[in-house]
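Sequence lines, in order, name chains A and B. The numbering used here puts the first residue of the first sequence at 1, with every later residue one more than the last. The numbering used here puts the first residue of the second sequence at 1001, with every later residue one more than the last.
Hints are computed from structural coordinates only; laboratory data are not their basis. Be aware that one or more of the hints could be misleading.
[Said to hold, decoys possible] Below, computed lysine-lysine pairings styled on DSS-like, alpha-carbon distance capped at 30 Å:
(1) A:K6 / B:K1112
(2) A:K7 / B:K1003
(3) A:K6 / B:K1049
(4) A:K7 / A:K70
(5) B:K1065 / B:K1003
(6) B:K1003 / A:K80
(7) A:K129 / B:K1056
(8) B:K1112 / A:K37
(9) A:K100 / A:K60
(10) B:K1003 / A:K37
(11) A:K80 / A:K70
(12) A:K93 / B:K1003
(13) A:K70 / A:K60
(14) A:K80 / B:K1112
(15) A:K129 / A:K6
(16) A:K129 / B:K1049
(17) A:K107 / A:K93
(18) A:K8 / B:K1065
(19) B:K1056 / B:K1003
(20) A:K75 / A:K100
(21) B:K1056 / A:K93
(22) A:K7 / B:K1065
(23) A:K80 / B:K1065
(24) A:K6 / A:K60
(25) B:K1112 / A:K8
(26) A:K70 / A:K8
[As the list claims (entries may be wrong)] Stretches of chain B that chain A covers, calculated by requiring three or more beta carbons in the stretch to come under 8 Å of a beta carbon on chain A:
(27) 1060 to 1070
(28) 1093 to 1103
(29) 1109 to 1119
It should be emphasised that the depicted structure is a prediction, and the values quoted were computed from it without experimental measurement. The beta-carbon is built from N, C-alpha and C at its ideal position, and this holds for glycine as well.
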Amino acid sequence: MVESSKKKTVAMMLFSAPFGSQYADHLCRVAERALDKGYAVEIFLYSDAVHAQMTEQNPKLFFPVGEAVKRLIEKGAVIKSCEICSIARGYIKGELKDGKKDYSSTKVINGVNFCSIYGFVDLLSRADKVLSFGGS
Amino acid sequence: MPKLVIEISHSPFGHENAYAALFAAMAWVSMGNEAVVLLRGEGVHVGRKGQVDPFKNIGLPPTEKQVTEVLEMEGRVIADRRALQMRGIRAEDLIQGVEVLDSGEISEIMIKEGERFLTF
Chain A
1 MVESSKKKTV AMMLFSAPFG SQYADHLCRV AERALDKGYA VEIFLYSDAV
51 HAQMTEQNPK LFFPVGEAVK RLIEKGAVIK SCEICSIARG YIKGELKDGK
101 KDYSSTKVIN GVNFCSIYGF VDLLSRADKV LSFGGS
Chain B
1001 MPKLVIEISH SPFGHENAYA ALFAAMAWVS MGNEAVVLLR GEGVHVGRKG
1051 QVDPFKNIGL PPTEKQVTEV LEMEGRVIAD RRALQMRGIR AEDLIQGVEV
1101 LDSGEISEIM IKEGERFLTF
């Protein structure tokens, strides 16, 4: 168990959509284990991986990625999703509203945050470990 | 300076991978960090020069511009020699500044500098 005062951060990038491959499953399992071991876990959903944030996923035969994402958030994982990838795929509008970007959406699991690629780069520079999932 | 190694193994245009990888590399080096982009397998096509206005022709941006920007910001872009040979691509077909190394040398970089390693 990692002591909280020395909590190390594991950054994980997911690059593949759920169900089309098992990368999302693997990431969720590793992330949950890392949380259980006392690591701070921060996840970046990039490209097609933003589909992991979708509400009302209902896989009959596959690993339930949506449920795993909710559980990771409940356990304290920080999940950030690529803003421009999410806009492109219709999850958010990202337009300015009262001086702030509008990320409200009924299509996105509560607790998922949005950031640009610079948010990901910031995470990369802070993290003690970096794990990459997907790419094919 | 923190280092990031990014491996691209998909060609441009057919997949989003190369663009996503190069955007991450550009953001990383623009913040004063060091990045090494490895072009392996089909990814070597990312480093080819002379891409003919792909945005106009097929609605996708040229990786040539992105690679050039990474190089201009002092990032390294390295193509796998064997992957180039297998595809009949010569060193002179590559964007100026793209290095060509053997797989053993690339492995050394991954081991030595890959404290942050992303695959696309």
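Violated hints, by number in ascending order, as checked against the structure: Violated: hints 3, 7, 9, 12, 16, 18, 19, 22, 24, 27 and 28.
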